[in-house]
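Asker: Just so you know, the protein sequences line up as chains Z and V, in that order. Under this note's numbering, residue 339 is the last one in the first sequence; the count climbs by one each step, no gaps. Under this note's numbering, residue 188 is the last one in the second sequence; the count climbs by one each step, no gaps.
Note that these hints are calculated values from the structure, not bench results. Do not rely on the hints blindly, as some may be mistaken.
[Stated by the list, open to error] Part of the chain Z face toward chain V, derived, beta carbon under 10 Å:
no.	residue
1	69
2	139
3	157
4	159
5	200
6	221
7	223
[To be verified] Output of the computed footprint for chain V on chain Z, the stretches with three or more beta carbons under 8 Å from beta carbons of chain V:
no.	segment
8	24 to 35
9	49 to 56
[Said to hold, decoys possible] Pair ranges (Cβ atoms, derived):
no.	chain 1	residue 1	chain 2	residue 2	range
10	V	167	Z	328	27 to 35 Å
11	V	53	Z	255	28 to 36 Å
12	Z	60	V	111	37 to 45 Å
13	Z	60	V	110	48 to 56 Å
Since this is a predicted model, take the numbers as computed values, not measurements. Even for Gly, the Cβ is constructed at its ideal location relative to N, Cα and C.
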Amino acid sequence: MDAARQPGAPLPERIVRAAIQWRLKLDVAADQARVQALIQRWCQQHPEHALAWQRLGGLQRELDAYTATLPSPELGIPILKRAGTDLQRRRALKLLTLTVAVGGPAGWLVASHPSVTADYRVATGERRQITLADGSELLLNSGSALDVQFSATERLLVLRAGELQVSSAADPNSLRASPLRVACRHGWCDSADARFVLRVQGSHSDLLVQQGSVAVSTLGGQQPLGVKAGERYALYPEHIEPIGHQTIDPSAWTRGMLVVDDIRLDAFLQELGRYRSGLIGCDPAVADLRLSGVFQLDQQAALLEHLARTLPVEIVSRSRFWVRVVAKA
Amino acid sequence: MFHPLSPPLRLLCYLPFRPSMPATETTSSISIATLYSEHHGWLFAWLRRKLGCAEQAADVAQDTFVRVLVRNQAVSNQAPKAFLSTIARGLVIDHWRRSALENAYLQALAQLPEQYYPSAEEQHQTLQTLEQIAALLEGLKARVRTAFLLYQLGGLTHAQIATQLGVSSRTVERHVADALFHCYQLRYREG
């Protein structure tokens, strides 16, 4: 981490304000070298001056990185203005009646461990393979988001959205000797030397254990449940329940395939939508047609053609981003 | 959404909820399970009032507990309600900020011809950056925010901004300095 970003004793406001004034002076200075020299002299007067200047530089780099990422200021400025006004209005309307007294966080936090965090995002239509520091292998499905947090005492992954396959390694750090914990919004899975697939949905998450065993806990604190190879469970916030027959093979995507068995057409298209940019719609008149089959996820055009050949439907596409499946005329 | 179980089977499989009391629990810290069982109810009700939508309230309530889990820090039993509502309040504001930005962004995109339409990934990247900027500028007065956006994103001089906003150059300089100070405090306040 940037040394200037380390929290420490706050600097006096007047020093920070003075550093900002130097920053603005430098912006408009005709003679840059002269102002630079003056700033350098100011920084040498006191270590706090130098620290304020260094921190301000860190902030400026962050702001410049944001500016460089945006496609154009013509786009960003009006959006940020409008959204800012909207947010202020909502806060004023709805958060005034906060019913619970809120103070500083200091008293609540008993122990903390430094940790390393990394975030992974997978674009729509892609899969991503990741090898973690402990040797665990991950495969992230299309449209997934994952945070990785490893510390001296814990190995934690948080699946924020989407789906992943985990091949967990036994912890090579014998002092830590903790299982790999994969958390999602409904609960978490602890394992070492196991392979499983976890998918986050709206109300629950689906778990399929492929190899080894996984200890599953819910946020609501049910006793951990041991799930063995071949078993499937749905995690709800306060309970876990076995899953029966599934119309979509939950691990076929790890091989680049979509395998379905007697699935409704609308459910099939919804699943397909996870792998495509843009909209894919289904005419209600054909929604309850059923199909089974094995499809390649990276051959979507062929897949849609196949639908039109085998079912009484046709594909209407206004653009690459707008496709609708309707009844054959 | 894909639901593999029919409702009757789901009922059969329902496991009654029992809060667990791990041996490590002491008088000074609370397990996530206890925290959840004792506080999920009111937190959800509070969020539903704030958000006016049961589905969003359920989402934010879940995310609040995940946030506690991810903090990797023991929670003291001194003031768990205040602790949870502070986290939840931050998530609600994040949620509002994101939806305000998404709406404004989609309106801007709707005016683009299709060949200039960014890909889903570019849209995601842009929205994420907009969110980061918006979070940094949160709480600034509208005039100060606008002046700073024109300065930082637009690269305009103080004089140009002054003309656009109909104020003096001196006022613009004060706005930009105030905005920088606000961002500085957010980044470097005592941790």
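Asker: Which of the numbered hints are not met once you compare them with the structure shown?
Answerer: 2, 5, 6, 7, 9, 10 and 12
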